[in-house]
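Residue numbers (the working numbering), protein chains in the order written: chain F, 32 to 208; chain S, 6 to 249; chain G, 5 to 476.
In case anyone wonders, no lab produced these hints; they're calculated from the structure.
You may find that some hints are simply not true.
Unchecked claim - Under the rule of at most 25 Å between Cα atoms (straight-line distance), these lysine-lysine pairs were calculated in the DSS-like manner:
#1 G:Lys164 - S:Lys232
#2 S:Lys130 - G:Lys164
#3 S:Lys130 - F:Lys167
One letter stands for each residue in the lines below.
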Amino acid sequence: MTKASLATVWLDGCSGCHMSFLDMDGRLLDIAGRANLVYSPLVDIKEFPRNVDVTLVEGAVSNEDDLEKIKMVRSRTRILVSLGDCAVTSNVPGLRNPYGPAPLLQRAYIENVTINPQLPGPLVPALLAESRPVHKIVDVDVFLPGCPPSADQIFWVVDELLAGRIPDTATMSRFGT
Amino acid sequence: MPDDIGGDLVSVRTLVIDGLDVAGNDDQTILEVARENSIPIPTLCHLDGISDVGACRLCVVEVAGSNKLLAACVTTVQEGMSVITNSPRLHEYRRTTIEMLFMERNHVCSVCVANNHCELQRLAKQLGLTHFDLPPLEPIVEVDASHERFVIDHNRCILCTRCVRICDEIEGAHTWDIFDRGTGCRVITDMGTPWGESTTCTSCGKCVQVCPTGALFEKGRSVAEAKPRRRFIPYLRELEQESK
Amino acid sequence: MSEIIIDPVTRIEGHSRISIQLDEQGQVVDAHFHVTQFRGFERICQGRPFHEMPSLMARICGICPVSHLIASAKACEEVMAVSIPPVAVRLRRVMNLAQIVQSHALSFFHLSSPDLLLGFDADAAGRNFFGVAEAAPQLALDGVAMRKFGQQIIERLGGKRVHPGWIVPGGVSRPLAAEQRDEILAGVPDALERIRRTLGWYKANVARWVDEASAFANFPTLYMGLVHENGNIGYSDGDMRVVDGNGRLLADHRDPRPYWEYLGESVEPWSYLKSTYWKEFGYPDGLYRVGPLARLNVVDRLGTPEADDELQLYRDRLGRYPASSFYYHHARLIEILHCIHSIAENLSDPGILDDRVRAVAEPNRPEGVGVSEAPRGTLLHHYRVDENGSVQWANLIIATGHNNMAMNRGVLEVARKYVRGTQIPEGMLNRVEAVIRCFDPCLSCSTHAIGEMPLKVQLLGADGRVLDELAR
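So here's chain F without its partners, still in its complex pose:
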């Protein structure tokens, strides 16, 4: 029986959901026995493969690179999971939305600078007008809110998906915790 393919991706988040994923501790090696981690910040495969069974996506869609990446990931994934509040609601990255990117860039790169004040670019990706949850850009199959969701919750979701079931997360997790 071929092992399922599992991938993890981080967009605009803090990597806390990935840390919570690792907080599965020993169960991680257990998962590794049932699925190949075919793409992840933790492994060196540099191109997102095709026909991935399950992808966990952490982080909001906040810049041009995130946007391009999530579309590509969606087109190559069977089941996409929005992992954590940033992916589900845009959470903290979304705090900038009422104001737009300009005041943030101004504070960081013009005001709080000793020499050479300037806005970075074009070799770095431009910020989108708003930081958006993943499902506003692509279809999402499973939502797991939390900041971060606990390792137990993440394990349960992955476990269910690898067993061929779509987990119902409706009353499991709440925003913010």
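Starting from the structure of chain F, add chains S and G where the hints point.
Structure of chains S and G alone, referenced to chain F:
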């Protein structure tokens, strides 16, 4: 049965809620009778001890003979009423209500003072909301921290008006009131002066205790540290009524 | 002129690319480390009541939220004009030490050990933590256990492993219970056994990495870190000490809080990460490093016997002020050892269960700076708050940011050594990334944002033709 049998007496009404035969007094609401019979109806702007206003629309129920959904907290029971408190349609409407509340302003649970103690957050979980499809408004709204002890963060206000009612009906100061309409609607202190400059506020803190979200809170509270205390309210209301 | 782009850098925290520019002869002339994300915490906190700052700032990073909780709380305490209860200082210290253990374990085991154990040239498909688990199960299990040890302490103290809201302005939100203390202490012997085994493995294998050790960002810089009055390592407390590559003191027993006096920040258009520099030497000469390598260089000693023995062995072998960034790996292991001992020591303090854990005050000063050592280096939070307690402005200087210039130079140095001509062996690319991994950068932190991307390397000739291409 006759509707009134003289001056001080109340009359009993019989009705059906979710197929159960129940009875209530003619001055009771559907919500009260349902609760007396352990039939749960979700609420947000309702609070035992203060008046009901039907602001949040979460407690809407289906009543036979009406094509409109009625707010259970402000609808008096009638003889022969047939009420449904839970159906797929009601569930969907309640979910949409909560979703609209989240999308109207800026609610970021993870970094909110009321995280884990918030009625809006709890209802989202109870109603199975895992994400939001409606477009967010993301308005720029104010934080008034001018009061010595308390803060109002309008990003988290859902305009339930509990603060208005508790301050008027229990404390008697009527510091809080409502201003403007639609997306411009705000709860305000006095005539729209900063809270710290209010001449009516007694700093009793009741509004903070009854706020269902993290909009009203005590200074010095960090994220997830707001823990409202509400047990005093029914007692004050009882005392008030006894003294009449 | 042609250019190679390495996109993304994997097995680090955060989003980045590396670009390498070559001349017509195929020799490397320049290289850059581009950090490609930004969230703007210095602005989104504006208008928030300052009591919310620690938990908001924790969201800068999911690996080291504790660092931000501490630095932020300290900045708030300056605004409050309070000294927090001694037991709160100690409890925070314990959580910080636990964080260093788990973060260093992540860096060493999950992120870097694939290169060290399997080799920099190992097949990319298996060159990861799971490959390590297959080839050296004990090493992998030790890594998982060490990370768990640190995370469980954080959870026991603060209620959650990631983003515990327990650290607040004024102290901590609840005292430590005796059962929790005992549970933590019970885990210490096992943790020590594992780090000793890992240190033993590392030291037994150093000969394999001689080449990389000599090439990986091996140049003299200044070194900065917090040190206690007595010369012991400071971590969450202490004053600043800065030394150069020969041990000359440029600053000692110095209050780190008025950072604008000694640090400058510069923007380069090709990265969202600003470059911090030692003001006295100007930009770009004011190059310095922070983090494990730098800390071991600036301190007299760590302060626990076994770790100080290891530190002495380290210095005997590498010199008093080792300059190669490769030795960050060794320094990290020694710090883990010290932190475990220090956790046990602090928890054995008779006052550790005191219940006066929080000072209460509203704003009494308009401004505050909080400084603490994150796993990756010195971290500073600076806030201005109005009389109502609303944050007006913030500036953050983040650990990895101090290392930006050194990382850029490191990338150039490694590229020069390993990149040549029209062939690009995959292991070469990996080595360019591996020098970044030595620093264990936290790029979410450093630009207060993160991200990720795939890697494709193209070697373009001067006429734009693709000479060679590598994708992984």
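Tell me, which hint numbers fail for this structure?
Every hint satisfied by this model.
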